[in-house]
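Novice: Going down the list, the sequences are from chains A and B. Anchor point for the first sequence: position 264 equals 264 in the numbering used here, and the numbering is continuous, going up by one each time. Anchor point for the second sequence: position 188 equals 671 in the numbering used here, and the numbering is continuous, going up by one each time.
It should be emphasised that the hints constitute simulated quantities derived from the structure, not laboratory data. Watch out, some of these pointers could steer you wrong.
[Unchecked claim] Listed next, the in silico DSS-like pairs over lysine-lysine satisfying Cα-Cα at most 25 Å (straight line):
(1) A:Lys176 / B:Lys519
(2) A:Lys389 / B:Lys579
(3) B:Lys546 / A:Lys467
(4) B:Lys606 / A:Lys91
(5) A:Lys462 / B:Lys657
(6) B:Lys561 / A:Lys176
(7) B:Lys549 / A:Lys89
(8) B:Lys661 / A:Lys176
(9) A:Lys60 / B:Lys579
(10) B:Lys653 / B:Lys606
(11) A:Lys462 / B:Lys489
(12) B:Lys653 / A:Lys91
(13) A:Lys65 / A:Lys35
(14) A:Lys467 / B:Lys661
(15) A:Lys467 / B:Lys653
(16) A:Lys89 / B:Lys657
(17) B:Lys661 / A:Lys91
(18) A:Lys81 / B:Lys488
(19) B:Lys661 / A:Lys86
(20) A:Lys467 / B:Lys676
(21) A:Lys78 / B:Lys676
(22) B:Lys579 / A:Lys462
(23) A:Lys269 / A:Lys31
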Amino acid sequence: MLKNKNLWLWLIWLLLTLAFTTYLVMKINNKAADKSIFLPGETTHGHHQIELACGACHSKSFADKEAIQESCMNCHGKALKDNDDKHPKSKFTDPRNAERVAILDARYCVTCHIEHNPEVTLEMGVTMPPDYCHLCHEKIAEERPSHEGMAFTTCASAGCHNYHDNQALYEDYLIKHLHQPDILDKQEFPPDLNLDELAPVLPEYPIKDYPLERLKLVDANAPLNIEYDAEILYEWFDTTHANSGVNCTACHQQTINEKTVWTDTPDHKVCASCHGPEVDGFLAGKHGMRLDSERLKQELTAMTPDLARLPMKKDVQHKELGCNSCHEAHDYNTTTARVEACLGCHDDEHSLAYIDSPHHKLWKQELAGELPEHSGVTCATCHMPRIEKEFMDGMFYMGIVQHNQNDTLQPNEKMLRPVCMDCHGLGFGIDALADEKLIHNNFDGQPGVHIESMDMAEVRMKEAEEKRRRLREQAKDENSPTP
Amino acid sequence: MLKLKKVMITATLVAACALPFTASSEIADTPTFTPKQLADWLHLVMSTDRAVYTKKIVNRLVKKDKVIKASEHFEDDKALVLPAQMFRFGAEEVAKKTDQFTYSLQSLWPINKQNAPRTEIEKAGLAYVSENKGENYYGVEELGGTQYFTAVYADPAVAPVCVSCHNEHKDTPKSDFKLGDVMGGVVIRIPLKG
C-alpha cells in the first residue's frame with residue numbers, strides 16, 4: 001500500500017516536472033513570449049530596456065564567454081574604438097600577461113561587468129571590487145610618489161582616471177590645459193555638416209533621385225491620391241529638406257518587393273537613408289535601443305517614458321519614441337528639439353533645474369538675437385553634442401549630432417572634451433563634473449569640490465623641467481674645454 | 484570498349500595535370516624552417532620597417548627639415564606617430580588577427596613601466612642583448628600553460644631623434660643614451676605545439 005502511494009507521488013512529481021519543463025521550453029522558443037521569468041536578477045541601468053531580448057547578449061543556447069564577448073562588442077565595440085579604449089583586449093592577449101590574465105581576465109567584458117547581479121553592481125555596471133586597479137598597478141606609488149597612500153578604491157571614483165576612456169584625463173593633456181580660465185575667451189565648435197561637399201561622395205546618399213537643390217512649393221511630389229493639409233506643405237517648405245532637394249517621396253515612398261508603396265508614417269529606417277550616423281547613435285542610446293532589431297535579434301516595441309528608470313512626466317508615459325517624437329514630422333524644428341522635446345518627458349531634478357540655470361539664460365539670449373549662434377547651452381548641447389566623427393576607417397570626417405546620449409554621459413568625464421571644453425577651461429570642467437550638488441542644480445554656481453589631478457600634473461611638469469635643465473647644464477659642462 | 488578507353492585517357496590526363504599542383508601544395512605545407520629562423524625573419528622585417536620610418540620620415544621631418552613634431556599624443560598634437568608607437572600599434576593589430584606569434588617592445592629603462600621585462604627570459608634576454616652588442620637571445624618558456632619559443636633582439640638608437648626623445652622624456656629612468664646604444668629589445672614569441 002505504502003509502495004503504491006510512493007509510486008503515485010513519484011509519478012505526479014515526474015508529470016509536474018515534465019509539464020513545467022515543457023512550459024519553459026515553449027516560452028524560450030517562442031520569440032513573442034514574455035521571458036521575464038528567466039531573468040536571474042535586476043538588470044543594470046544600461047541594459048534594462050532590452051532585458052527581454054535575451055538573444056541580444058546570449059546569442060546562442062549555453063553561450064560561452066567568447067559568444068557573450070562577441071555580443072558585447074557588437075553593441076559597444078565601435079564606441080570603445082572611437083574613444084581610444086585604454087585597456088583593449090589586444091593588450092591582454094600577449095602571453096607575457098598570462099599571469100595577470102589568470103588574476104583578472106581583462107580580455108572579456110564579463111570579467112568586470114556581470115549582468116543581473118544588483119547586489120554587487122557598482123557605478124558603470126562594474127561588478128569587481130572597487131580596488132581592482134591594484135591587481136596590475138600595485139607599484140604605482142614607486143613611479144608616482146604623489147600617489148603614495150592613496151586608496152585603490154579612489155583611482156576611478158575621484159575624477160582622475162577611467163578604465164576605458166581617458167582622453168581628457170591623461171597627464172600631458174592636463175598639463176597642456178593648466179591655468180585655463182573658467183570660461184574661455186574664445187569658444188570653439190565642431191564644423192557644421194557640409195552636405196554640398198559630402199553628399200555626392202557618400203555611398204548611401206540618394207543624390208541621383210534627390211539632387212541638392214532648393215525646391216519650390218509647386219515641386220512637392222506627393223501622388224495626387226494622397227490628401228494632406230496645406231499646413232504640412234508650408235512646414236516642409238521651411239525646412240532644410242525642401243532646401244536640399246528632399247521631396248515628399250524621399251521619405252514617404254518606399255520600394256517593397258519591387259513595388260512602390262506610399263507610407264504615411266515613415267520610421268527611423270527611412271531617416272537612416274540620409275541621416276545614417278544620427279540614426280546609428282539613436283539606436284545605440286537610451287531612446288532608440290529597443291528599435292535596433294538587427295542587434296537585438298527580435299522586435300521590441302519602441303521605448304516609452306513609463307519604461308524609464310529616471311523620473312518622467314506623468315502625461316506622456318506611453319509616448320513612443322522615434323525620430324519624430326523629438327523632431328516633429330514635416331516641421332523638423334531643431335530649436336524645439338534641443339530643449340522643449342527633452343523637457344516634454346524628463347522630470348528629474350537636473351532637467352527641471354535647467355530652466356533657472358545660467359546655461360538656459362544664454363540659450364534665451366541666443367534665441368532673442370542678443371548673442372551669436374552657439375552661445376546658448378541647451379539640453380542637446382551637452383547630451384547630444386555636435387561632434388566631428390571619423391567615417392570609413394578614417395577616409396573622411398564629418399560633423400554630426402551624436403544621438404547616443406551615453407556617449408558623453410557615463411562616466412561623465414567623457415563630456416569634457418566634446419562639450420565642456422568648447423566654452424570652459426579643463427580644470428573648471430573636471431571640478432564641475434565631480435560636484436554632484438552642482439549637477440543636480442544644473443550648474444547653477446561654482447564647483448564646490450576640487451580634483452587635484454591637474455595640480456599633481458603641474459608638480460610633475462616642473463620636476464621634469466628641472467631635470468631637463470640639469471641635463472643640459474651637465475652636457476654643457478662635459479663639452480666645455482678643460483682649463 | 485571504346486568508351487572505357489576514352490574514360491581512362493581522360494582520367495590519366497586529369498591526374499597528370501593535377502600532379503604538379505598536388506606536389507606544390509604538399510611542398511607548401513611541409514615545414515622547412517625552425518621557430519628560430521621564423522623569429523629572425525620576422526624581426527628582420529620589423530626592425531627594417533621601423534628603421535625606415537624612423538630615419539626617412541621622423542628623423543628627416545623632425546630633425547632635418549624641422550617641419551613637424553613627433554609626439555606620443557600625435558592626434559592631439561597634430562604630430563607624427565613615434566616610431567615605438569608605430570611598432571606597438573602594429574603589434575596590437577597583428578595580435579587581433581593571429582595568435583600564431585606575438586611581439587612587443589620592452590626595455591630595462593622603460594618610459595611606460597608596463598613595458599619593463601616581466602618573465603625570466605625577458606629579463607635575462609634584455610640584459611644579454613644590451614651587454615652583448617650584435618647578439619640575440621633565445622629560449623623556451625611556459626606561460627599560461629603554453630610553451631613558447633621566445634627570441635629577444637637588441638633595439639638600438641638608430642637616429643638622433645631616438646636619443647633626444649628618450650633622454651628628455653619626463654618618465655625616462657635613463658637620460659644618457661648615445662646614438663647606437665641599446666635602448667631596449669624586441670621580444671618575439673611563437674607558441675610550440677605538444
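Novice: Taken at face value, is the distance from the CA of B:Lys676 to the CA of A:Lys78 at most 25 Å?
Specialist: 35 Å, violated
Novice: Is B:Lys546 within 25 Å of A:Lys467, Cα to Cα?
Specialist: 22 Å, holds
Novice: Run the distance test for A:Lys389 versus B:Lys579: straight-line Cα separation, threshold 25 Å.
Specialist: Holds, at roughly 24 Å.
Novice: Could you grab the alpha-carbon distance between A:Lys176 and B:Lys519 and see if it respects the 25 Å cut-off?
Specialist: 46 Å, violated
Novice: Between B:Lys549 and A:Lys89, does the CA-CA distance stay at or below 25 Å?
Specialist: 37 Å, violated
Novice: Within 25 Å, alpha carbon to alpha carbon, are A:Lys81 and B:Lys488?
Specialist: Cα-Cα ~65 Å, so violated.
Novice: Check the hint pairing B:Lys579 with A:Lys462 against an upper bound of 25 Å on the C-alpha distance.
Specialist: 39 Å, violated
Novice: Holds or violated: are the alpha carbons of A:Lys462 and B:Lys489 at most 25 Å from each other?
Specialist: 90 Å, violated
Novice: Please verify whether B:Lys661 and A:Lys176 have alpha carbons no more than 25 Å apart.
Specialist: Judged against 25 Å, a Cα distance of about 29 Å means the pair is violated.
Novice: Decide if the proposed pair is consistent with the structure: A:Lys462 and B:Lys657, CA atoms, cutoff 25 Å inclusive.
Specialist: 18 Å, holds
Novice: Given the hinted pair B:Lys606 and A:Lys91, is their alpha-carbon gap at most 25 Å?
Specialist: 20 Å, holds
Novice: Is the Cα-Cα distance between A:Lys467 and B:Lys676 25 Å or less?
Specialist: 49 Å, violated
The earlier numbered hints that this structure contradicts are 1, 7, 8, 11, 16, 17, 18, 19, 20, 21 and 22.
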